[in-house]
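S.K.: First to last, the sequence lines map onto chains G and E.
With the numbering used here as the guide, the letters of the first sequence map in order to residues 1 to 112.
With the numbering used here as the guide, the letters of the second sequence map in order to residues 113 to 530.
Honestly, the hints are just simulated from the structure, not real lab data.
Cβ coordinates follow ideal geometry from the N, Cα and C atoms, glycine included.
Hints should not be assumed to be uniformly reliable.
[What the hints assert, rightly or not] If you want a taste of the chain E side facing chain G, the calculated C-beta under 8 Å gives, among others: (1) Asp-120; (2) Gly-269; (3) Pro-304; (4) Arg-306; (5) Pro-307; (6) Asn-309; (7) Arg-364; (8) His-365; (9) Ala-367; (10) Thr-369; (11) Leu-371; (12) Val-411; (13) Ser-412.
[Stated by the list, open to error] Label pairs and their computed distance ranges (CB to CB): (14) E:Asp-190 x G:Thr-43: 54 to 62 Å; (15) E:Phe-461 x G:Thr-52: 47 to 55 Å; (16) G:Gly-35 x E:Ala-318: 34 to 42 Å; (17) G:Lys-90 x E:Glu-502: 55 to 63 Å; (18) G:Tyr-36 x E:Leu-417: 28 to 36 Å; (19) E:Ser-412 x G:Asp-67: 54 to 62 Å; (20) E:Lys-301 x G:Gly-35: 19 to 27 Å; (21) E:Ser-412 x G:Arg-38: 26 to 34 Å.
Okay, here's what each chain looks like letter by letter:
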Amino acid sequence: MKLITAVIKPHRLDEVKDALQAFGVQGLTVTEASGYGRQRGHTEVYRGAEYTVDLVPKIRIEVLVEDADAEQLIEVVVKAARTGKIGDGKVWMVPVETAVRVRTGELGPDAL
Amino acid sequence: MPTLNGADTAFVLISAALVMLMTPGLALFYGGMVRVKSALNMLMMCFIALGIVSVLWVLYGYSLAFSGDVGGVIGNLDAIGLKGITPETLDGELPVFAFILFQMMFAIITPALMAGALADRVKFSAWAVFIAVWVSVVYFPVAHWVWAEDGWLFKLGVIDFAGGTAVHINAGIGALAAVLVVGKRIGFKKEPMRPHNLPLVLLGAALLWFGWFGFNAGSALGPNGDAVNMALNTQVATAAAILGWLIYERIRHGAFTTLGAASGAIAGLVAITPSGANVNALGAIAIGLVAGVVCSWAVSLKYKLNYDDSLDVVGVHLVGGIIGTLLVGFLATEGAGVSQFGKQAIGAFAVMGFTFVVTWILAKLIDVTMGFRASEDDETAGVDQAFHAETAYDFSQVGGSSTASVSAPSSQNKKVDA
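Model the full assembly from the supplied sequences, consistent with the hints where possible.
M.R.: Dropping the structure here:
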C-alpha cells in the first residue's frame, strides 16, 4: 500500500475530489494546512506597517491506495490540481506497512 | 419667563442618542483591529465606560464640569447628585436634563477613546479604576475649561465647538501618557499584530460617522444654522479625509487599504469637530484633506519613536484634534488670524500639558498599587480568557465547544480578573 499526500491550492479541492472519485478512490482525508514553497507568501499593509505572510493557506489531501494504482493516482491528482500558476503545490508518495479498518478489524488492502 | 422649546429639546435628545451609539461603534472599530485573542476585551474596555461614566456623571461629574466655578478651572459641588434640578428646570429654553444627558455621552466616549492605545495588555479591573479616576481629575475639569461659561479657555475665546480639545486632544495625549507608563505589548515590532476583522473595523467607523452627526451638529443645542453648517461640514471633511489618507497610502505603500479608509474617516471626523461650525464647506474639505494625509503619516511615528500606541489613538485623535483646533484659527469664517490662532494654540497646549502630567501620575499610581498590566501569561494567552472568561469566536472543533465539558453554573471555580 501507498500513502499519497497532496498539498494543493484550496480552490482546486473540488476538482481533485471529483477526479479521485471518478478514479474509484473509496475514501480520503482532507486537512486545512498552511505553508510555502519557493514562491514564499505575500505582503499585506496595515496603516503603513507591512506584514509578510509567508504561510499561505493550503489544503492537504491524503489517500491510501494499493501499490498498483499509486502512480496513476498521482497523475490524476496532479492533473486536477494544476492551474499552471505559481503555488500549485506538491504531491508525494510513501510506503505504508499496514492499515486497519476500525469498525471490522480488517487488515491491509481489505481495509481500504 | 422662558418656556421649554420642543424643537431644541427633541434635537438634543436625538443627538444624545446618536452620540451614545458612538461608544459601541468605537468598540467595534477598535475590536476589529486587535487580534482574535483579545477582541472581547477591546469591546469591553469601551463598553465599560458607558457603565462607569454615566453613573459618575450624575453623582458629581456634571456638577464639577458645569455647575458654578472655582477660578475658571473647575465647577463646584452645588449640583451634586443633580441636586435641585428637576424636569422643569430650564437653561434658556432647553431643559437642563437634556443638556446633562447630551454632555454625559461626551464624558463617556472620551476615556473610551484611550482604550485603543492600551489594547491587549492591561488588567480590566485596573482599566476600570483608571477611567473612573481619569474622568474625575482630567475630563471634568477640562470640560469646564473649554465649555463652561466661566471656564478659563472659554473666556479666552478658544473655539472648540464639539470637543477637539476637550475630547480628542485630551484623550490622545492621555493615551500617550498611559502607554508610556504601561509599556509595549509583548512582541511589539517583532510579531505581526494584524487586525483580525476589517469588516468590523469598517462597521465601527461607519457607526462612529453616523453618531458623529449628533456629536457635532448636536453641539449647536438646537436645530439652527450652526447645526446644519456643522452637519454638512462633518460629511465633507470626513469624505475629504478618506481621500487624503488613501492617496497618501497609495503613494507611500502601494495600496488603497480598507483600514486606511476607515482610519481616514475617523481622522476627518476628529479634525472637523472643533471647527466645523466656524468654517465653510470648502474650509471643511481643506481641514479633512490635511487631516487625512497628516494622520496617515503620523501613525508611523510610533515605530520611529518606539512607543506602543496599539491602535494609533495618538496618531489619529491627538494629531487630528490638533490639526482641527489650530487650522480653525486661520480658516474660521469670522475673526480668523494670528490672534485666534494663538488662542487656539494656548488651548491645545494647555490641555496637552495638564492632561499628560496628571494622566501619567494617575497611571503610575495605579501601576504601583494594583498593577496596571496583565500578567505575561494572560497577555500571551489573550486577555479575553483571563478577565472575561469568554472568547470572541469558536473556530475549532478540536478544543472548541463541541468537546468542552459542561457543568452546572456555579459561583465557585471561576478565575476572573486578577
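S.K.: Does the nearest C-beta of chain G fall within a distance shorter than 8 Å of the C-beta of Pro-304 (chain E)?
M.R.: 4 Å, holds
S.K.: Cβ-Cβ distance between Asp-190 (chain E) and Thr-43 (chain G): within 54 to 62 Å?
M.R.: 60 Å, holds
S.K.: Using the nearest Cβ pair, does Arg-364 (chain E) come within less than 8 Å of chain G?
M.R.: Because about 7 Å separates Arg-364 (chain E) from the closest Cβ in chain G, which is inside the 8 Å limit, the hint holds.
S.K.: Close enough to count: is the Cβ of Gly-269 (chain E) nearer than 8 Å to one in chain G?
M.R.: 36 Å, violated
S.K.: With a cut-off of 8 Å on the beta carbons, see whether Asp-120 (chain E) makes it to chain G.
M.R.: 41 Å, violated
S.K.: Cβ-Cβ distance between Tyr-36 (chain G) and Leu-417 (chain E): within 28 to 36 Å?
M.R.: At roughly 33 Å between Cβ atoms, Leu-417 (chain E) and Tyr-36 (chain G) fall inside 28 to 36 Å, so the hint holds.
S.K.: Could you check if Leu-371 (chain E) really has its C-beta closer than 8 Å to a C-beta on chain G?
M.R.: 5 Å, holds
S.K.: For the range 54 to 62 Å, tell me whether the beta carbons of Ser-412 (chain E) and Asp-67 (chain G) fit it or not.
M.R.: For Asp-67 (chain G) against Ser-412 (chain E), whose Cβ atoms are near 59 Å apart, the range 54 to 62 Å holds.
S.K.: State, for the Cβ atoms of Lys-90 (chain G) and Glu-502 (chain E), whether the hinted interval 55 to 63 Å holds or is violated.
M.R.: At 40 Å between Cβs, range violated.
S.K.: For the restraint on Arg-306 (chain E), tell me whether the closest CB of chain G is nearer than 8 Å.
M.R.: Constraint on Arg-306 (chain E) satisfied, holds at 6 Å.
S.K.: Does His-365 (chain E) hold up as a contact with chain G if the rule is Cβ-Cβ below 8 Å?
M.R.: 5 Å, holds
S.K.: Is the distance from the Cβ of Ser-412 (chain E) to the Cβ of Arg-38 (chain G) consistent with 26 to 34 Å?
M.R.: Taking Cβ atoms as reference, Ser-412 (chain E) and Arg-38 (chain G) lie about 32 Å apart, which means the hint holds.
In summary, the numbered hints that this structure violates are 1, 2, 6, 15, 17.
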